[in-house]
Amino acid sequence: MRLYAAVAVSGFKRYATYRVATVAGVFTNTVFGFILAYTYTALWDERPHLGGYDLDQALTFVWLGQALLAAVALMGGGFQEELQDRIRSGDIAVDLYRPVDLQSWWLATELGRALFQLLGRGVVPMGIGALVFELRLPASPLTWLWFLLSVALAVCVGFAVRYLVSLASFWLLDGTGLSMLSGLLCLFFSGMILPLNVFPGQLGEIARALPWAAMLQVPADVFLEEHRGAGLLGAFAFQTGWLVVLLAAGRVLQSVATRKVVVQGG
Amino acid sequence: MAESAVSNGLRAYVLIVGMWVRSTMAYRTSFLIMTLGNLLATGLDFVAIALMFTHIGQLGGFTLDEVAFLYGTTSIAFGLADLTLGTMGRLGQRVRDGTMDTLLVRPVPILAQVAADRFALRRLGRITQGAVLLGWSLARLDIDWTVDRALLMPVMLLSGGAIFGALFVLGGAFQFWAKDASEVQNAFTFGGTTLLEYPPTVFGKELLRGVTFVIPLAFVNWLPALHILGRPDPLGLPARIGFAAPLVACGCCAVAGLAWRAGLRAYQSTGS
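Chains as they are written, first to last, in the working numbering: chain A, 1 to 266; chain B, 1 to 272.
Hints were generated in silico from the structure; no laboratory data involved. One should not assume that every hint holds.
Think about it this way: if two alpha-carbon atoms lie no more than 25 Å apart in a straight line, the pair counts; the simulated SDA-like pairs of lysine to any residue are [what the hints assert, rightly or not]: (1) B:Lys205 to A:Ala42; (2) A:Lys13 to B:Trp177; (3) B:Lys179 to A:Arg14; (4) B:Lys179 to A:Val124.
Model the full structure from these sequences, guided by the hints.
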């Protein structure tokens, strides 16, 4: 356990060194936040209470999305490219001989990275959004706690999805295309482009049941206090359920994949 | 002298691009899958817009057909710049890891080398997707095709591509100083396309003034498109202001060129 904590701390520190990149990221998140906020205002002007949100809630959703984009890695990224590189180059063989669990190791680096991104790239855009627009902040202080728990689960679900995608490199060798596709699907089905409760009919029902919903839609609804009491438990159960399924799938795929590894050279 | 430098650069660009295209074509199936994926995936944000229109008839006073027109034109303009100069974003990485030095010692213009590096033909996917949407919207829109409007179409797409291209080069030049701030470039390029996909009436006047007079993104498609669609400009600019797009594009390219030179002069190798 202490080992994984140390790995997480180094993941945090590693991203903390890229100061200019963090400032640049804050700038980008803020620009996109403004563009989306204006569009949502036009949309909710036409149809107030669309998807059960009022305008303040819709705008809060926009800025939550920007705040969580880097932390939950909604566009992909994080450990993904590095792991894929190690699989392609064969360095993964060395990792497999280490007396640590591969999946837990990468999850620990991700948790460290996510915590930094949440503080470094999440707080400032959200603050700017709150200054310029009328946002719906939680009425109860407990909600903040539930929100952070939900974000932690979202980070883990995001990790589990991208871990599966990365392992596909064992078969594909070049995982760039699949990573891109996975990132775009995540943007669409997490609610980043449009909240999932605005998706019409059956498409909406399917989208809200997919694992990507656990990455933005659920934490945002927790923050907006759409889930209360038993509903809150249901939201956490949804996130945890997908997390367990995806992590288990990652384990199975990992054991199949490692049997494929051929160590070359002498 | 200046002319031969330009033709030299273009020749080098074409040669390097040709090399990357040949290497891509070595794995033809993979290329086809990637292009098809690129084509489908870049359209997901339009799907989101279409989903919005299941709830509303108009957004900012514009119909879905008109928004598809805006989306298609910005997608093609951005796609042209992304295809030819998209890998400029990797410049920061080259500056960081020192591989920039290899480019400097070659007797070929640096900009041509950086722009052609890892040229990805699959980026045709975005242009195709934009063209399909533009075609779809043109078939459904009832546009009064006067000569000047028909003329404005290709002018808009090409100058739009040039404006975005200038932004890519400008972002690349910025990397010589900032080193790991490619995100700033994304704010203007990807952020710019997202902005231009929606009707200008959706946004505040200050923002519109900013993208008209400061970073002239409005000339990529908004101002010409408003004339083609026969709609007034929310800022009250004359209807034919869209025809200034090529001039604006030339201005942007000149600024980007100067910034590139300055950036290259300021470059200090990392060394080890």
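Results of checking the hints against the structure:
no.	hint	verdict
1	B:Lys205 to A:Ala42	holds (14 Å)
2	A:Lys13 to B:Trp177	holds (23 Å)
3	B:Lys179 to A:Arg14	holds (16 Å)
4	B:Lys179 to A:Val124	holds (22 Å)
Against the hints set out earlier in the document, no violation occurs for any number.
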